[in-house]
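*Asks:* Start from the sequences and build out the full structure, keeping to the hints where you can.
In case you want the letters, here they are:
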Amino acid sequence: MKSVVTTVIASADAAGRFPSTSDLESVQGSIQRATARLEAAEKLASNLDAVASEAYNACIKKYPYLNNAGEANSTDTFKSKCARDIKHYLRLIQYSLVVGGTGPLDEWGIAGQREVYRALGLPTAPYVEALSFARNRGCAPRDMSAQALTEYNALLDYAINSLS
Amino acid sequence: MLDAFSRAVVSADTSTSTVTDIAALKAFVASGNRRLDAVNAIASNASCMVSDAVAGMICENQGLIQAGGNCYPNRRMAACLRDAEIILRYVTYALLAGDASVLDDRCLNGLKETYAALGVPTTSTVRAVQIMKAQAAAHIQDNPSEAFAGAKLRKMGTIVTEDRCASLVAEASSYFDRVISALS
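Protein sequences, first through last, are from chains U and Z.
Residues 1 to 164, numbered by this note's numbering, are exactly what the first sequence covers, in order.
Residues 1 to 184, numbered by this note's numbering, are exactly what the second sequence covers, in order.
One or more of the hints may lead you astray.
Rough simulated footprint, nothing fancy, chain Z against chain U, three-plus residues with beta-carbon under 8 angstroms [claimed, not checked]:
(1) 1-14
(2) 48-55
(3) 145-156
Residues of chain U placed beyond 12 angstroms of chain Z at every Cβ, according to the derived structure [said to hold, decoys possible]:
(4) Phe18
(5) Ser80
(6) Trp108
(7) Tyr117
(8) Gly138
Hints were generated in silico from the structure; no laboratory data involved.
Computed from a prediction, not measured in an experiment: that's the story for all the values here.
Each residue gets a CB set at the ideal place from its N, CA and C atoms; glycine is no exception.
*Replies:* Here's what the structure looks like:
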């Protein structure tokens, strides 16, 4: 899993040397930013269900045609799967906050996403709407500190860009 | 390769739940500078540690440098020093990452079989690793023994905390123990 620490170790290993001072400096930089990221991860984890259901409701409100017969949100099974998908993205965002890089989103969310949605005939616009809603819903200092919110929003933007 | 953070993520993903044990990661972050000091203490003393460990191993078993021994002639002694340095390097990486996966995947996987095929005596290797384990503990605590080091005594001069980084010493020792159990 790609993170600052693993990248530093991989390059030191490729050169066959012990971690140098500059390697340790990069790791320290990552550790300094970690406090805000972990705060965002903690807050997101404790409110994941609420954030996911708000985002889901927002996208169905914007695209009500999804409730029509034969569309992606028409039956109870489909509805629960849509809500699960939104929650899935938010969980991967929480992972990325913990790791301090986009590794989990890249490896478990974005790789193959286009192909899967095409094969299943799913529109990506509602996902974008749901994540954009979450993107604009977060508020500092009500939900988390400003720096934590910046980290959280950056990852939501990354996920949105991958879908649009 | 994983670090302490991605290890938490991978284990949370197996149950499709969010990472809940944030407190442990916060502790990792809080003691981050100490960890970097510990890595630096080992990296800065690496060549000294390696040569002392191999020399100590030979002192205890002179047969190694006599004809037919595994550290005779110089070519094989050099290979031995190189291997000790490689092992110490991967232990340092594991200590930096806070996770043993880099040590397991890139160093220990197949090491025992390789040594068996090359006829390297594992008991001697284990002894050298044990010496490096004691040295690493001394350097992380920054209290190398005057009795053993004599004129070669080196201190990092970092700020010594009350518990002398007990958790990091324990963690580093666990990585050395991992090497020892992989070899024996």
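*Asks:* Flag every earlier hint the structure violates by its number, smallest first.
*Replies:* 2, 3, 4, 6
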